[in-house]
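Trainee: Chains as they are written, first to last, in my numbering: chain A, 93 to 400; chain B, 4 to 591; chain C, 313 to 611.
Don't read these hints as lab results, they were simulated from the structure.
The model shown is predicted, which means the values in this text are computed figures rather than measured ones.
All C-beta atoms in this analysis are idealised placements derived from N, C-alpha and C, irrespective of residue type, glycine included.
Hints are supplied without guarantee of correctness; some may be wrong.
[Stated by the list, open to error] Dumping the calculated DSBU-like pairs for lysine-lysine here, alpha-carbon to alpha-carbon at most 35 Å: (1) B:K582 - B:K339; (2) A:K315 - C:K541; (3) B:K58 - A:K311; (4) B:K116 - B:K171; (5) A:K100 - B:K320; (6) A:K311 - B:K116; (7) B:K582 - B:K320; (8) B:K330 - B:K581; (9) B:K171 - B:K217; (10) A:K319 - B:K330; (11) A:K311 - B:K171; (12) C:K541 - A:K100; (13) B:K561 - B:K339; (14) B:K171 - A:K315; (15) B:K582 - B:K561; (16) A:K315 - B:K116; (17) B:K582 - B:K217; (18) A:K319 - B:K116.
[Said to hold, decoys possible] To give a feel for the contact side, a few chain A residues facing chain B, derived at Cβ under 7 Å: (19) D297; (20) F298; (21) T301; (22) R303; (23) A304; (24) K305; (25) G306; (26) L307; (27) H316; (28) K319; (29) V320; (30) D394; (31) P395; (32) R396.
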Amino acid sequence: MLPRYILKRLLGAIPTLLILVTIAFFLIRIAPGGPFDDDRNLPPDILANLEAKYNLDQPLGVQYLNYLGSVLRGDLGPSFQYSDFTVNELIAEGFPVSLRLGGSALLMALLFGVIIGTIAAWRQNSRLDYLLMGSAMTGIAIPNFVLAPILILFFAVYFGWLPAGGWGGGALRNMVLPVIALALPYMAYVARLTRGSMVETLRSDFVRTARAKGLPEWKILGKHSLKVALLPVVSYLGPAAAAIITGSVVIEQIFGLPGMGRYFVQGALNRDYTLVMGVVIVIGVLIVVFNLIVDIIYALIDPRIRYE
Amino acid sequence: MTARVQGSGFRVQEDPGQIEGSGQALVRIDGLTVDFHTEDGRVRAVEDLSFDIPKGGTVGLVGESGSGKSVTAMTLMRLIPTPPGEISAGRVEFDGQDLLSLSESRMRRIRGKRIGMIFQEPMTSLNPVFRIGEQVAEVLRQHEGLSRRAARDRTLDLLTQVGLPRPKQIIDSYPHQLSGGQKQRVMIAQAMSCEPDLLIADEPTTALDVTIQKQVLDLMGELQARYGMSLLFITHDLGVIAEVASQVVVMYRSHKVEEGPTEALFQRAEHPYTRGLIACRPALEGNPRRLLTVGDFMTAEGEALEVPSDRLLPQVKRSEAELDKDKPLVEVTDLKTWYPVTGGLFGKVVDQVRAVDGVSLTIRRGQTFGLVGESGCGKTTLGRSLLRLTEPTAGQIVFDGEQVTAADERALRRLRKRMQIIFQDPYSSLNPRMTVADILLEALREFRPKASRAEHRETASALLDRVGLSASHLGRYPHEFSGGQRQRIGIARALAVQPEFMVCDESVSALDVSVQAQILNLLLDLQEEFGLTYLFISHDLSVVNFISDYVGVMNEGKLVEYGTAEQIYTHPQQDYTKKLLAAIPRGL
Amino acid sequence: MSTPASAMSNFDHAAAASGRSLWHLAWLRLKRNRAALTAAVVLAVIFLLVIFGPILSPHSFAHPYWEQISAPPSLETRHFFGTDSIGRDLFVRTLHGGRMSLMVGLVATGVALLIGVAWGAIAGFVGGRVDNIMMRVVDILYALPFMFLVILLMVVFGRNILLIFVAIGSYIWLDMARIVRGQTLSLRQKEFVEAAEALGVRAWVIIWRHIVPNLLGIVAVYVTLTVPKVILVESFLSFLGLGVQEPNTSWGALVNEGAQDMEFAPWGLFFPAAFLAATLFCLNFLGDGLRDALDPKDR
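Just chain A, same shape as in the assembly (with noise of 0.2 Å):
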């Protein structure tokens, strides 16, 4: 059942992916400007050559099919701006940078937001509660691209403990700040969202029967109510991941980390046509993938949910 679930959704996510594909394809194309009239002024008849290189003078609607054709073949074309690489090559080497960034970040959101949110709403409406649920609030109400500024002028200039920025080939002291920087936010909005759902489950029959039962405390909330409870933070990991993709942008940008992110804005700004759409359509498929996955794991946890 679950192999022909995860086919079907996949098929369900490709008028998402076309969609994706086409708005981002026309939107860039459409901008003025294009990727060789930069300050360097190329005369016209080079100009000419470098179009029909690249395919650039044919029809729009030809170069939108030829561009889908060559992405169904897994080949998501030669980069403008860095015209030594392809688009995939550049992903190739941004892509496990941003990947173990955010993934990290999305973890430790995960892991300290349900443990604070545990905690809160098992000393609901002490002063613990108060403090925990005040400091994510504000955790919530600091984005990261403030809060990135403050930690390097913090720990890296003021205290000079860690690294202000660099990837340092993935070195746990480069990755402290950014990771933390990415995944505060959303620790906070994580342990905000446990601890209400943990407080509602709290209330809930079963939780008085398990009580009736006799069962000790911890297993009361770790057991019984944890594993309902943790349902609507489940439910949030699909959004939380788009959002830390989003985050990791300008994460990446402020601390200099090689990503992908960085290749965005960059290309954007340089019409680097294939860079722009390479990165689009990795980060479209990426979001449908973690919601299947989410979604799998949801139904993991409730037996309610049925594959269909």
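Got chain A; can you put chains B and C on it based on the hints?
Mentor: Only chains B and C this time, still in chain A's reference frame:
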């Protein structure tokens, strides 16, 4: 107000020597007082309550909603959340030890092991994300220290004992794969797993159909006899109490008003509240013309009243020959209402639920047609289909010679004003953002668009007066009324368009028995005054019997039997009807 | 007949007063919530400052004081928040940027409100196939990485304030549509709607009288929580340098500029960041308070 109730004297049967059973008390509750701290200040949920539960005996705790009976049960388990709750005074002794002074960890060793508990809502009382086996076995693992394997074997044994079909399959099922009755059996298995000395059952059958209720009650009796445990059975239903309990404690507004052996209590209740409670429930025969209510026995302040003799005139039902002289008002021929079940990416119809599947019946002018059946039998859908609130799939409905099924929108709007509906849930049937005046005016404006606002207000006041409320209620919002009062407002709204025919869909099911009697009486009064015709839909066989001229029994979308109330209740023809009737708790 | 007296007896004490609507009760609950009230007061102060604050300063938001580049806050020069890297007064710029951020927040939320409520209410009320199609559209749009498209849009069409409104509003409405649709669907099944139908009340009157008033609560909560979201998105775009155009500014753009010089002029980061965070914080708190007040079971 509460002081007076107490003052009126219920300390009579406190002599513990009277208590039946094996002589010694397992539980002694003495002077228990429980308060809740709410936004409106301190509310006393239970006041100065004392009673014993004998070893091996059954005590029934009876009362209406809010009387404090569930709070009592939760206090016994020490499951009252504090705050907002507070046990202000009293002692609860269980097998010689004071429960209220036990440490939390010692109390946990009593919960589930020595005191088991089952609740009203089987649907929500089991954890939806764990398998049945896991939920039962964890009690055994917790209290008996059984290994995983041993706990599973014992669980299987328990599931078999509570009469579940295919226990090997059910042990690995999730709660949503079980029916309500099956879930309640699982709850019982869970509560019984450590062979407790006391089982507390808080309205265990209220959410179940009568036939299932009977099975569950039988099972509980059987298990009690086998294990010799004590039982505290909490319910609002005196009929059920009479079947299970040897001793009854009656609670009213946080107080115990009466206590005694069941039979004696039913025959010679002393407190006017108890007498009212017993009298307001319709019996299968020998009912008065109008049901007695608690208000006939005592004032709101708790003083006993003499029931006037004219309130005791017997109900006289008309014979079939007489009934058949009335002209037909609603004629239904082969009505089908099917719901499509959609699936797939684009909502293809994959199946049909045959909620109503070929029903034909005739409702005559001025009569009440009672429709009974268990949950899911299609009775509600049938009622809504008659007004085309749910669109029928096939068949014909004729109202007073006019086609309802074929009516276009204008004709339907006109027809609907002659056919009204009163709903079950008094909480969702009134728009919470509208005042009573707005609610009634909406109906009145539909009925007579030309009349002035002042005229409408006057009519609205008269309507409220007619249903037992007053004009001073016009400016209020639904949430400021009790369930019975809301139901009265719903009736007033329906009356506003001066209908001829009313569908009453479980209209008294959500109400306390004493309020239920008032509403039933009101419906009868209105029928007499305005010559109304009712389709009275209910799962409650006694209520349907009391109010109906004709009765139809529905099962699985079909009308299985149909006749005068007397025919159905005294000479049922179909097996299904017989089974239903046999399941009614008889009382005494 | 039955005795109405006994039915009414427990309500006698309140019989004289006129009814208290749910709104009234919600207001009473909100008044008791000190956190939410404080948030509301702080918000009001920020609003007033942003609107009238610039009048209090002798400086204009665009004028560069070349002799005072990156000067620290000072009462003497009346640069209350200091100056930026080309000597413009940060007090006025922060408040001016606030105007932009708040305006974007309110207008884009307004756009989202209009589209979302209409879309959700129609889908929920009509139901069936229409609902199916409308919600599939929302699902598809939902799965798009919208921020990336918005970034593209900004890059393509340049920095245009109107475009920011439309771009953000056209994406934020999805949540609103889902919530309103869910609520409408559940209201649609409420018995009071059926009762109105049975009385022959027309469909649009039912929507207006029975559905809309019961939607207002959740929409109010949602609007309060959407405004900070939009402000955040706008700040994000401005931070990337894609938002408002110089010399106009917004909190996000100011944070970006401040972050570049934060080592020697931290005030340039501090003040806009503090205003931005305080506004988001208070709006979230107020939204939470509203939710608790309108739906007391959520305590």
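Trainee: Does each hint hold? Answer for all of them.
Mentor: Hint by hint, here is what the structure shows:
{"no.": "1", "hint": "B:K582 - B:K339", "result": "26 Å, holds"}
{"no.": "2", "hint": "A:K315 - C:K541", "result": "34 Å, holds"}
{"no.": "3", "hint": "B:K58 - A:K311", "result": "32 Å, holds"}
{"no.": "4", "hint": "B:K116 - B:K171", "result": "24 Å, holds"}
{"no.": "5", "hint": "A:K100 - B:K320", "result": "63 Å, violated"}
{"no.": "6", "hint": "A:K311 - B:K116", "result": "17 Å, holds"}
{"no.": "7", "hint": "B:K582 - B:K320", "result": "24 Å, holds"}
{"no.": "8", "hint": "B:K330 - B:K581", "result": "30 Å, holds"}
{"no.": "9", "hint": "B:K171 - B:K217", "result": "25 Å, holds"}
{"no.": "10", "hint": "A:K319 - B:K330", "result": "61 Å, violated"}
{"no.": "11", "hint": "A:K311 - B:K171", "result": "26 Å, holds"}
{"no.": "12", "hint": "C:K541 - A:K100", "result": "33 Å, holds"}
{"no.": "13", "hint": "B:K561 - B:K339", "result": "9 Å, holds"}
{"no.": "14", "hint": "B:K171 - A:K315", "result": "24 Å, holds"}
{"no.": "15", "hint": "B:K582 - B:K561", "result": "16 Å, holds"}
{"no.": "16", "hint": "A:K315 - B:K116", "result": "20 Å, holds"}
{"no.": "17", "hint": "B:K582 - B:K217", "result": "10 Å, holds"}
{"no.": "18", "hint": "A:K319 - B:K116", "result": "25 Å, holds"}
{"no.": "19", "hint": "D297", "result": "4 Å, holds"}
{"no.": "20", "hint": "F298", "result": "4 Å, holds"}
{"no.": "21", "hint": "T301", "result": "5 Å, holds"}
{"no.": "22", "hint": "R303", "result": "6 Å, holds"}
{"no.": "23", "hint": "A304", "result": "4 Å, holds"}
{"no.": "24", "hint": "K305", "result": "4 Å, holds"}
{"no.": "25", "hint": "G306", "result": "3 Å, holds"}
{"no.": "26", "hint": "L307", "result": "6 Å, holds"}
{"no.": "27", "hint": "H316", "result": "5 Å, holds"}
{"no.": "28", "hint": "K319", "result": "5 Å, holds"}
{"no.": "29", "hint": "V320", "result": "6 Å, holds"}
{"no.": "30", "hint": "D394", "result": "6 Å, holds"}
{"no.": "31", "hint": "P395", "result": "4 Å, holds"}
{"no.": "32", "hint": "R396", "result": "5 Å, holds"}
Comparing the model with each earlier hint shows violations of hints 5 and 10; every other hint is respected.
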